[in-house]
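Asker: Here's the letter readout for the chains.
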Amino acid sequence: MGKTTYKRLKGSQSFRQRLLLATLSSTPIIIDEIRADDMITGLLRHEMSLLRLFESVSDDCVVEVNETGTRLKYKPGIIMGGKNLVHSCALTRSMGYYLEPLLVLGLFGKKPLSIRLKGVTDDPKDLSVDTVRNATLHILKRFGVPSEGLDLKIEARGVAPEGGGEVLLTVPNVQSLTAVQWVEEGMVKKIRGWTFSARVSSDFEHSMRFAARGVFNNLLPDVHIFNDHKSGPHAGKSPGYGISLVAETTAGCYISADTAVSCGRADETGEIDVERQERKPAEDTGVEIASWLLQEIEKGGVVDSTHQGLLFILCALCQQDVSKVRVGTLSPYGVETLRNLKEFLGVTFSFRPDPSTGTVILTCVGSGLINLSRKLS
Amino acid sequence: MAADDLMSSQKSHRMRKSGPTMRKKSEIDKKKRGVADNKQPNPRAFSVRSVVKAKRLKIRAVEKEQRRIHLPTADRTYGEPPPFVVVVQGPPGVGKSLVIKSLVKHFTHQNVPEVRGPITIVQGKKKRIQFVECPNDINGMIDCAKVADLAILLIDGSYGFEMETFEFLNIMQVHGFPKVMGVLTHLDKFKDVKKLRKTKQRLKHRFWTEIYNGAKLFYLSGLIHGKYSQREVLNLSRFISVIKFHPLSWRTSHPYVLADRLEDVTPPEKVQMDKKCDRNITLYGYLRGCNLKKGMKVHIAGVGDYSLAGVTALPDPCPLPSAAKKKGLRDREKLFYAPMSGIGDLLYDKDAVYININDHLVQYSKTDEENGEPANKGRGKDVGEDLVKSLQNTKYSVDEKLDKTFINLFGKKTSASSERKLEADAQSSPEGSDAESSEESQSDDDVDDHEMDVDSNDGKIKEKTELRGGRLRRKAIFKDEVDDSDEDGDDDDEEAEDAESDGNEDEDGEDESVSDSQDSDEDDVEESEDKVLGNISKWKEPLKEKGRKKNPNLMQIVYGASASSATALINENNEISDDEDFFKPKGEHSKNLGGGLDAGHVNSEDCSKFVNYGNLKNWKEKEVCEDIRDRFTTGDWSKAALRNKNSVAGDEGEDDELYGDFEDLETGEKHNDHENMESGTNEDVEAAERRLKKLALRAKFDAQSDKSELEDEDNDNGDGINPRNSEAKEPGFVDKLKEELEIRKQMNLLELNDLDEDTRIEIEGFRTGTYLRLEIHNVPYEMVDFFDPCHPVLIGGIGFGEDSAGYMQARLKKHRWHKKVLKTRDPIIVSIGWRRYQTIPVYAIEDRNGRHRMLKYTPEHMHCLAMFWGPLVPPNTGFVAFQNLSSNQTGFRITATSVVLEYNHQTHIAKKIKLVGHPCKIKKNTAFIKDMFTSDLEIARFEGSSVRTVSGIRGQVKKAGKNMLDNNAQEGIARCTFEDQIKMSDIVFLRAWTPVEVPQFYNPLTTALQPRDKTWTGMKTFRELRSEHNIPIPVNKDSLYKPIERKTKKFNPLVIPKKLQAELPFASKPKNKPARKRPDLDARRAVVMEPEERKAHAVVQHYKLISKVKTNKKKAKEQEKRKAYEAEKAKKEVVSKKRNREERRERYRTEDKQKKKMRRGQD
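As given, the protein sequences belong to chains A and B, one line each in that order.
Note that the numbering used here numbers the first sequence so that position 144 is 147, with each residue one more than the last.
Note that the numbering used here numbers the second sequence so that position 653 is 1146, with each residue one more than the last.
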């Protein structure tokens, strides 16, 4: 028992999931060759920040990173949860990056989690906080997570590069998740949207809204897009605007699409963003996201492609019952998730493509993970 | 005939249906049947008098009802249940093996010479039992208690209860309480019937207090010809067979195997090189608890944690009979499997069948040759016999022979447990796929025949083979078909292909596609189809696969690629952009790989979004929108509904599309189902739902009827609650829960049955009830060397996080029968989960404010907390603690029972600490305290904390008092302020709490790695060490109690100041009179009376005398009078008593007469 055997992994791919699944299954891991050959070697800032977040949420976890940051040794502790936690996220990625693993992690803690995250709330790479609030949390509820205590409060917006946003996430504890039979997509009955603008004119929002609504004209009358203009301390430190659209179906599925545009992106991140420099007009962004939403709807499935990973993880964490979900085309992230799940939890999915709709039905037996850290009253 | 006619002509007897006769008769009838009369003699007397009382009664009734209800647990065992484990336990010499032998004899009509290891028997059409004899040492008892479904506790009736019984009961109680049945033996030692009855009664009641009132206790009255009487064994077996087992929470969440066979499969060369090398072993047994997945880690009790190197499902060695409708079991179905007892002559392995030929049989054939006079003349010579004989008188080594005969007679595996065993390695077909074996038999027909003949020579073996109804074929193994330990589960389909498509890399994938298309159900129809196709289908299969390879399986893409071809994908990419790559910085490389399913690059970005705005359609156009119109509520609802249906129904249809050339009989049936469904759009959802519900309801009904039956039985045993009533009263909530669980189960079954066997195992793991072969590598050699079949080998699966160690907090109570309290940091041995290990606990108790205060000793009759370090188990797991495992201990070995509350990586136990200091300088209320702290830094840590003197003056630590003692600038002097000035002689205390560390000590019990009769020794307690090394217990002199000597207090005289004295009023002034030597004048003077005075005095004295005499006389007179009166009274009393008696007698007589008269009048 004195010697711990580590699971050896390579590369920085699916870093979040590896950490998450390692923690949930309490498997110590060693990740080697993290960007060993890249320009910027080793762990990036957001990854370090994520590690720190895991440390703050759990108890007695051991993180060792070598000097170059190319090798990580992680020995998970017990997920504690707790109130009044504060974490300032690295500004290289937005809050969605941290929220995705944190939501699942919080469920299996000793105490309900209530954490304040500070940093960038929206960026084009990750889920925007609006989407998390309005779509992701609904997915969790499907798996038997109680709705009281499950909340995301957006207290301040913050756009890259400076950030300054703040959200308050509360996640309740569960004993275990219940398996779902979620194959019915239903029909889209309403579309809701949330736009925001921080430190820029609210005109951006209006033009996005109009453009987005225009796309849905042919299809659905029940479209409502709320705006959220922030100024002063609630607007963060950088100017920007963004949009998040969520389509709700009759069967209770939430399909989402979102993006954010930062008006003041500095050049410090280097050449990666050179082509992003010439910004599209706000109308185009609106149309783009609306079209993307429709594309997601066309693909089918009970969740959009972005949430596939989360859905699979939740399915795999369920009790030892059969879960059955339908998704559209498997996204690369989803596939990666499936592989990780097999590696860490030993959960294999079976696939049944449905060529008539272009969707895939996935079936799995949950790993039967129960929240072990909860205290016996 | 005539008589018959006559009979028919006669009127049949008609029972009275009303009237007094009927009433009377029914009354008598009821009395006969022992049905109590429900009618109360005075119903009004028990009507509601007080509303409050009635309410209370009702509440109580409801509460009782609720207490009976348990939260329904999900039953996730599908298919045939594994045999139930019946553990027979008892102190040594009580007749355990005899009970097992007689039970086995009763069930199977077989004699077991020796009970070693589990014995599996088929007991009924749907039930199998595995008998395990519990060894006499405590380790074996623990392991047995963990696997027992039913424990039969044997008690020597002539001796009474022994500690082992209670120890075993306690162990069981902690690890989930299985069913328990007591059996009293040795009752023939009683000569006196009355004494026997008394003893039975006494033992029964003692047994009941330990378990529950009405627990079954059996009596085996005695031995007849060294056996228990058949009738009693029959009764016992009936009770065993009707017992219903309920799931226990730890066991339903962990897979476990009770091995009934162990083989050492280490390559013999390796063993020869080094006798003490680590061994590879295989363990065989039924899987119990929950499903076992391939990658799971297991704990072998008494050995340690291992990961499974290979898991294979083997054909059931003791299968249940076919489900044909008939009553009871036929003789040939009364199967029996006990490989460790040396009974089963055939042993099945993944790739071989071992035939065990008894010594005398081997001998027999040899002599036969020598004599030239075969005993079995009548049968004539057998080919198989020839083969065996030729094998026996070999001149060449086996290897040489092998070259000639091309039959591989000795596989790579050797068995360690059975020394004399002729091994004929032959490949069995576990799944019973006949087609395959038929193909093989074609290839080497004659050889196979030989093998069969060998079998049929021996009567017993023949029986065994027949049991399998011809489904079993064996094949001689070829040298190149060495088993692959990697491909554990992928079975024989693959092996067949192995031979054909050797070295094909994509084989795995192909297999999967094949397996996908096939259906899991082993329908007879399917099998027959296979038979028809026979060899043709087999050899064509690879071709088909190749044809089908164009549409790859999603499962293969997702899982297959990740394992092997991550590098391949990268290479591919490199080829494409080789040139550009050269000029690009390294970081750019990852960006190219951003999209596509082949995100196999190790450093790809971690991003859940996969956005490609480039190929967005122009959704503003109406035509484009039309495509997805039906996905919106504004579209066509029926079409949209159809979309959902299609996929549900079309699962099979799509299969057909993809793999059209495969005809599945299973799907045909499914199609029928779905055709019905497709008729309507909305209806079929409901229909499916309804069907599910119906299934659920039926299952529930079955379960309930079973339960009510059980309850009926319970009631018959004297419980007294009417089951019908309680059933009706069961609240809807529980019903609903049960129904939900049942629906869930049916859905699971539906989904899982849709999958083919391989995928199902992949997804679900091996189902409970399958007979498994577990291969485990690198086990210490001692396990094989000291293997004792009498001790159960328990292999338990380890859940997530249960292999990592941490601190656990448990609620512990010292066992009331253990004589001593437990001491903190004395090592104890705990049995927790599957494990047994030694650990060092720290006991604590929770204070009011939530602080965990360390205790030096456990409280006597109270729970306390125990913190210890060890491999984690989920909260709510019970455990039992021991201090000594030796069998020759007289007392009760269980020291404590406990339950885990939570686990942590930190401990929060604190103990009191008192820092003591002395003032070195006092300035009014401020004092400088020395000796309390060692440094100024330490003082800084304690600033503001409160201190106290012995006399009770409170104070506070302020700061380090620097340079206060000018001459010696000492460190660690604290400036404190007090509420009053303290004295130099005062002692100052600072009371604080210091955290206590729990030692990280964990020592697994390796009892299986040593001779079983040796007691395992671990870390010793302080006491043991002291007594061993003859070290006295250290004594702190200050802690000793000495006789208290109190000096008599001497008080000084009160001194009042002169000034005050002067001011006092005279009354309060101290009147100081100097002590006199002589009494003063008043006391000294004599009194002389005057003559008149003297006269008066004399007169008074006279009068006094007279009155005194008078009163004396009066008193005497009164006394006399009283005496006379008393005598009179006594006389009178005697008379009156006499009269009273006479009177009463008279009265009674008359009353009696009257009564008699009345009675006569009534009659």
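Just so you know, the hints here were simulated from the structure itself, not pulled from any lab data.
Any given hint might turn out to be false.
Cβ-Cβ distance ranges computed for the label pairs, FRET-style [unchecked claim]:
#1 B/Trp-1486 with A/Ser-59: 24 to 30 Å
#2 B/Gln-1449 with A/Lys-86: 44 to 50 Å
#3 A/Val-66 with B/Glu-607: 53 to 59 Å
#4 A/Lys-378 with B/Arg-1434: 54 to 60 Å
#5 B/Lys-618 with A/Lys-10: 42 to 48 Å
#6 A/Ser-59 with B/Leu-1243: 39 to 45 Å
#7 A/His-227 with B/Trp-1486: 57 to 63 Å
#8 B/Cys-770 with A/Lys-86: 40 to 46 Å
#9 B/Met-1512 with A/Gln-184: 37 to 43 Å
Since the model is a prediction, treat every value here as computed from it, not as a measurement.
Don't be surprised by glycine CBs; every beta carbon is placed ideally from N, CA and C.
Asker: Out of the numbered hints, which ones does the structure contradict?
Answerer: Numbers 2, 4, 8 and 9, in rising order.
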